[in-house]
Amino acid sequence: MKLYLLLALVGTALAARKFEKECRSAKDPGFCQARISMWWFNAESGKCEEFYYGGCGGNDNKYETKELCMENCGTEKLILRPHPRPVPYGGMTKDYLPGSGPSAGSVCHRLPYTGPCKGGFTRFYYDAATNTCRPFVYGGCMSNGNNFEFHDDCLSACGTPGPLKPEPRMA
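If you count by mature numbering (1 follows the signal peptide of the UniProt record, and there is no 0), then the sequence shown holds residues -15 to -1, 1 to 156, one letter each, in order.
Mixed in with the good hints there might be a few duds.
Heads up, simulated BS3-like pairs for lysine-lysine below, C-alpha to C-alpha not over 27 angstroms straight-line [to be verified]: (1) 51 x 103; (2) 12 x 103; (3) 51 x 32; (4) 12 x 51; (5) 12 x 32.
The following label-pair restraints were derived from C-beta to C-beta distances [claimed, not checked]: (6) 94 x 49: 34 to 44 angstroms; (7) 40 x 11: 39 to 49 angstroms; (8) 114 x 53: 35 to 45 angstroms; (9) 29 x 122: 38 to 48 angstroms; (10) 114 x 51: 34 to 44 angstroms; (11) 115 x 31: 12 to 22 angstroms; (12) 120 x 22: 14 to 24 angstroms.
No wet-lab data here; the hints were simulated from the structure. Using N, Cα and C, we set each Cβ at its ideal position, and we do this for glycine too.
Generate the whole structure from the sequences, applying the supplied hints.
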């Protein structure tokens, strides 16, 4: 009986370690330049989300299908405990109260930066001159912090939400 209990505890610990490694890791497209459609588990939202993998590097939080992602990391497998949010590249976090706008030293005042990699990811940056979030092409590495996957994330971090205006389409 003691051996069975010991094996059960070891198995649970190994499963938790695997979950942490595979399902809590941030999305990582790797350092190569391919555009391979993959799925990653977003532990913050509890959902599997599509992203483009560069073909090499990256981490274990990538799956060929949404079904495989959910099978390995789905919400029924979540271990409910606090987990720190990653700090954006450069170590900057929001340094103002929501709705009060970004301070002059925040990442929101940085110009959009494509970076040295050759990916073609559409991202959003905060344009402090116009107080809007605008799309730009991100190469996939070396973000300067003013780089958001979603328009709403950009507004939450840097802007004061107002009426939505259509953004110009990128060619």
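Taking the hints in turn, this is what the structure says about them:
1. Restraint check for residue 51 and residue 103: the C-alpha separation of about 26 angstroms stays at or below 27 angstroms, so the hint holds.
2. Of the supplied pair hints, the one linking residue 12 and residue 103 holds, its CA atoms being roughly 18 angstroms apart against a limit of 27 angstroms.
3. Our distance criterion of 27 angstroms between C-alpha atoms is met by residue 51 and residue 32, whose separation comes to about 9 angstroms.
4. Between the alpha carbons of residue 12 and residue 51 the distance comes to roughly 14 angstroms, so the proposed pair stays at or under 27 angstroms and holds.
5. Between residue 12 and residue 32, the direct Cα distance comes to roughly 12 angstroms. Compliance with the 27 angstroms bound is thereby established for this hinted pair.
6. Between residue 94 and residue 49, the C-beta spacing of about 40 angstroms keeps the proposed range 34 to 44 angstroms intact.
7. Between residue 40 and residue 11 the CB atoms are about 18 angstroms apart, so this pair departs from the stated range of 39 to 49 angstroms.
8. Checked against the hint of 35 to 45 angstroms, the C-beta distance between residue 114 and residue 53 comes to roughly 44 angstroms, which is consistent with it.
9. Our hint of 38 to 48 angstroms for residue 29 and residue 122 is violated, since their Cβ atoms are close to 25 angstroms apart.
10. Take residue 114 and residue 51: their Cβ atoms lie about 39 angstroms apart, and the range 34 to 44 angstroms holds.
11. With their beta carbons about 34 angstroms apart, residue 115 and residue 31 fall outside the hinted range of 12 to 22 angstroms.
12. For residue 120 paired with residue 22, a C-beta distance near 20 angstroms keeps the hint of 14 to 24 angstroms intact.
Violated hints for the displayed structure, listed by number in ascending order: 7, 9 and 11.
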